[in-house]
Amino acid sequence: MKASLKIKIAFFVFLMLAALEIIVAQEKTDIKDPISRIKVSMELKERLRQRFDLYVKYQIERNYEKQFELISPRLIASENCKNFYSLCVPGKSEFIKHQKENEKRQNLIKEVILTDSQKRLDKKRNQMIFTTRLKTESGMFIYLVYLDVFLDNGEWHFSTFSTIDY
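For the numbering used here, count along the sequence shown from 1 and bump the result up by 18.
Among the clues, some could well be false.
Ranges between beta-carbon positions, derived for each pair [as the list claims (entries may be wrong)]:
1. I25 to R151: 48 to 54 Å
2. G172 to S54: 17 to 23 Å
3. K128 to P91: 26 to 32 Å
4. G172 to N125: 33 to 39 Å
5. K57 to N171: 16 to 22 Å
6. S54 to I25: 36 to 42 Å
Calculated lysine-lysine pairs in the DSS-like style (CA-CA distance at most 27 Å, straight line) [said to hold, decoys possible]:
7. K84 to K63
8. K153 to K118
9. K75 to K63
None of these hints come from the bench; they were simulated from the model. As the structure is a computational prediction, the values presented were derived from the model and not from experiment. Don't be surprised by glycine CBs; every beta carbon is placed ideally from N, CA and C.
Let's have the full structure, built from the sequences with the hints guiding it.
What follows is the structure, encoded as structure tokens:
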């Protein structure tokens, strides 16, 4: 075999291995950061990441007054609210009261892990769903906790955490 053919084969193998490494690195990134897979602009992704982090921070700190500011206006008592069933929030004081009552019934949340997200925003409703896992102060994990995410007038908002009962 000629030396030039050996070099071409070696170079081809090198390129294939490099491409494989890039694909594996991309998959690892996507697994660790579901927000990176969402089909929106980088600016919207970054803003979503910031607002999600704030939402989680306020949940953990039990700062429900600030957390309420991140709740979608669609979910606050209005005509539109009936489309979202149990996610509706009557108003700020009721939201805070509800969150405090939840504290008494459940373990307090210590950590929120975003495990998955839809890749696309529902174009009709400008909505998608995050799947999260919650870690409580007692160390228990609560799996398959959903969080609706809305893009309202160019800004990200959320629902309250919800689970699906079987």
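Status of each hint after checking the structure:
1. I25 to R151: 48 to 54 Å: Holds, since I25 and R151 (Cβ atoms, about 50 Å apart) stay within the stated range.
2. G172 to S54: 17 to 23 Å: This hint holds: roughly 20 Å between Cβ atoms.
3. K128 to P91: 26 to 32 Å: 29 Å, holds
4. G172 to N125: 33 to 39 Å: 36 Å Cβ-Cβ, so the 33 to 39 Å window holds.
5. K57 to N171: 16 to 22 Å: 20 Å, holds
6. S54 to I25: 36 to 42 Å: Taking Cβ atoms as reference, S54 and I25 lie about 37 Å apart, which means the hint holds.
7. K84 to K63: 21 Å, holds
8. K153 to K118: 18 Å, holds
9. K75 to K63: Cα-Cα ~18 Å, so holds.
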